[in-house]
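The chain contents come next:
2 protein chains.
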Amino acid sequence: MSTNYHEQDYLEALKTRGVMPEGFKAGTASLSFIPSERPTQEPYRMNMGCVLLDQPTHSVAGVFTRNAFPGAPVIIGRQRIADAGPVSGLLVNNKIANVSTKTGVEDARHLSNRLCTAAGLPEHSVFPVSTGIIGWSLPVPDMEEALPQLTASLQGEQLLPVAQAMMTTDRYPKLRRVPLGDGSLVGLAKGAGMIEPNMGTMLIFLLTDVAFDRQEGQQVLQQVVDRTFNCISVDGDQSTSDMCLLLGSGCKGRVGRNELEKALGELCSSLAEDIVRNGEGTSHVIKLTVLGRKSFDEARGIGKAVINSPLVKTAIYGNDPNVGRILGAAGDYLGNNDLPVDAGKLTITIGGQTVFDRGSFTLDKKKEALLADYYTDAAMNPRLKGYPEHDRSVEITLDFHQGDAKALVLGSDLSNEYVHENADYRS
Amino acid sequence: MSTNYHEQDYLEALKTRGVMPEGFKAGTASLSFIPSERPTQEPYRMNMGCVLLDQPTHSVAGVFTRNAFPGAPVIIGRQRIADAGPVSGLLVNNKIANVSTKTGVEDARHLSNRLCTAAGLPEHSVFPVSTGIIGWSLPVPDMEEALPQLTASLQGEQLLPVAQAMMTTDRYPKLRRVPLGDGSLVGLAKGAGMIEPNMGTMLIFLLTDVAFDRQEGQQVLQQVVDRTFNCISVDGDQSTSDMCLLLGSGCKGRVGRNELEKALGELCSSLAEDIVRNGEGTSHVIKLTVLGRKSFDEARGIGKAVINSPLVKTAIYGNDPNVGRILGAAGDYLGNNDLPVDAGKLTITIGGQTVFDRGSFTLDKKKEALLADYYTDAAMNPRLKGYPEHDRSVEITLDFHQGDAKALVLGSDLSNEYVHENADYRS
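Here the protein sequences line up with chains A and B, keeping their order. Per the numbering used here: the first sequence = residues 1 to 427. Per the numbering used here: the second sequence = residues 1 to 427.
Read the hints as simulated data drawn from the structure, not as lab findings. Small disclaimer: the values here were computed from a predicted structure and weren't measured. Virtual Cβ for every residue (Gly too), placed ideally from N, Cα, C. Check before you lean on any hint, since a few could be wrong.
Which residues of chain B face chain A? A few of them, derived with a C-beta cut under 8 Å, are [said to hold, decoys possible]:
1) S32
2) R38
3) Q41
4) N67
5) A68
6) R177
7) G335
8) L363
9) L408
Looking at chain A on its own, in the form it has when it is part of the complex:
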């Protein structure tokens, strides 16, 4: 964990992390367009980015949103994973998410196939990916016009330009790298939640120069996503377009299930924390551990209920050690889901201080003062705005002592900046 990044150091770190794994190339383009749905004459800006394999691969896996109204790219992506054909990359755009429009699926297929043709790749082998406003249509002719710019920019050195192109209101690009077998695993992330308000999308691209078994890769990716990206929450909203893709070129040999799982776990944990820290308006990151439940799902459900409670989030924003709200939020979830609880066994700690012990609060003047100081110290340094520090968090544990399962969930506080960002993001 690094501390106190400065802008230049952070960009240098990103360039090191973003070195292209063997067998891939990447390009970006930008364009302007007038949305057909918005009463404005002011053109909107859109970025496009792509990551292409030199050779189509079968080392591929994908995990998609559970939202019942998935975007066109999610519909197509699921189909391509199910079809089990060769894959040669992805094409991503920001600004418009391409969800539930009349021609959405057709638009996405058309654009990704145009890129396949231009790059000499098999048809239907590139995943279309979109993030942005839900309900609007992609400006297809403008995007087609930008394809030559995209293919002309293809290079085999750096992924940073793609990580930057897929940003919308992200404060900074998010890139991580870990070793994997004889090669590397590199992850690019954008979103989610308050970072991407009406866009509401988390996109994760994981690229490696090793190969893996397709079925194993799919299982491992689903498990890792469940314990990393599905354990974070900025505002509780799951997008219509969330997507996590894993692609391997196989240039540097092959890895087995365990190696893949370990590298993915490490990479995805770091990226998940990057996403939470990147939240617009986030001033505190909350790391909540729920212990002693019967199942991981139960533990995660309780944890998410607490970190999604507006009352918990605003108290932490205000450095107010209002610990009753934590118990209230957990009790609300437990009661509404008919989950068994024995308050007499529950212990709650904040920053190592026990605030609730076997059925009762254990608060006094000294402890409340310590907690207020702890919250204040955990606030991220505003002088370093735009760059992440991974050293400060509000750490909370709820131990129910009723089982062996546990979950770690990451959340952010709720600030005035969040409301401001989200009240008229599109203007």
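Here the structure of chain A is known, so what remains is to put chain B in place on it, guided by the hints.
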């Protein structure tokens, strides 16, 4: 529905509504205390209030929070409903909710019994009720000292002083009245949600001068609460102390189930809307109707997911017709709860405008401009701050065309004022 209340008119209306039903008397007191948990020398203020019957009654019903960590008054209240003994009233305090402290149940029993003794009523016949900070202990000696002040103030004319005493950050007292049989049904409400941030409590007292069958009353109250107070949401947090009590003196005869249900339904709908409009920082009230589902619970679940989405709430606050967020929030809930949905049958309207029709958005420049105007017009008049207008709402319908069940849910937007109120409410 009245429009544009002015302060004086509103207070006059409250006095008319608050005329005491026959067979009851009410009193209030206030005190100051130093909390033992807070590092402060500044005394806190607390109000106490009571409503007592001239004669103990069996016409009583109560509905309580489902929170798994209920406050001491909820634990005692449930027991008293189950015991089916005679009841002679309630004793309420604000400022401290009396939840999960070592001596909480004992404290509440002791104080309510002291009131019984002072007022010449049978022991264990008065419901203790508390709202306020979770985790702190009641200042029992200070409250005992205030009991003579409380009994000395007992009068049989007006409920308004009690409605005022139980307020915390409520903008105004909430009182409603409807006829019932040969008498009246009067309701007092305080809370909830953003109004009562770390207090997080909705308290409803329903008083009538008619009698009713105890078992019928309990069934009817549960049903009505489910379709009124359980269909509103300010911030999605269910308190440890939510409570709704119904007491009948029987001075004006007896009513049957149907009469009781009709009067309770009407009264509780009005009070529920009062609570939403009263929210600190609320500038828009959202009335969302979900139609065409298989069950009421399913319809309400979808509706609550939408009105609790921070992204939906902030967009409406900003008068931004960001309709994609509504679809996104509904789809998130449907997907995560494995509920069947056919997007091709779904229709969404806002203010009468169809924005989504059988599988696709139907947005254009003109419609977006109309929606922005509609949201702006629906904002409550800030000049009338502190007093409710029931004439302006953002009306949204989601019709799934998959069944006959429906639900109406009421919510509020999410504003900077909300965050400000909740970030350090206790200071």
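Inset, instruction - Find the hints from earlier in the document that the structure breaks and name them by number, from lowest to highest. - result: 1, 3, 6 and 9
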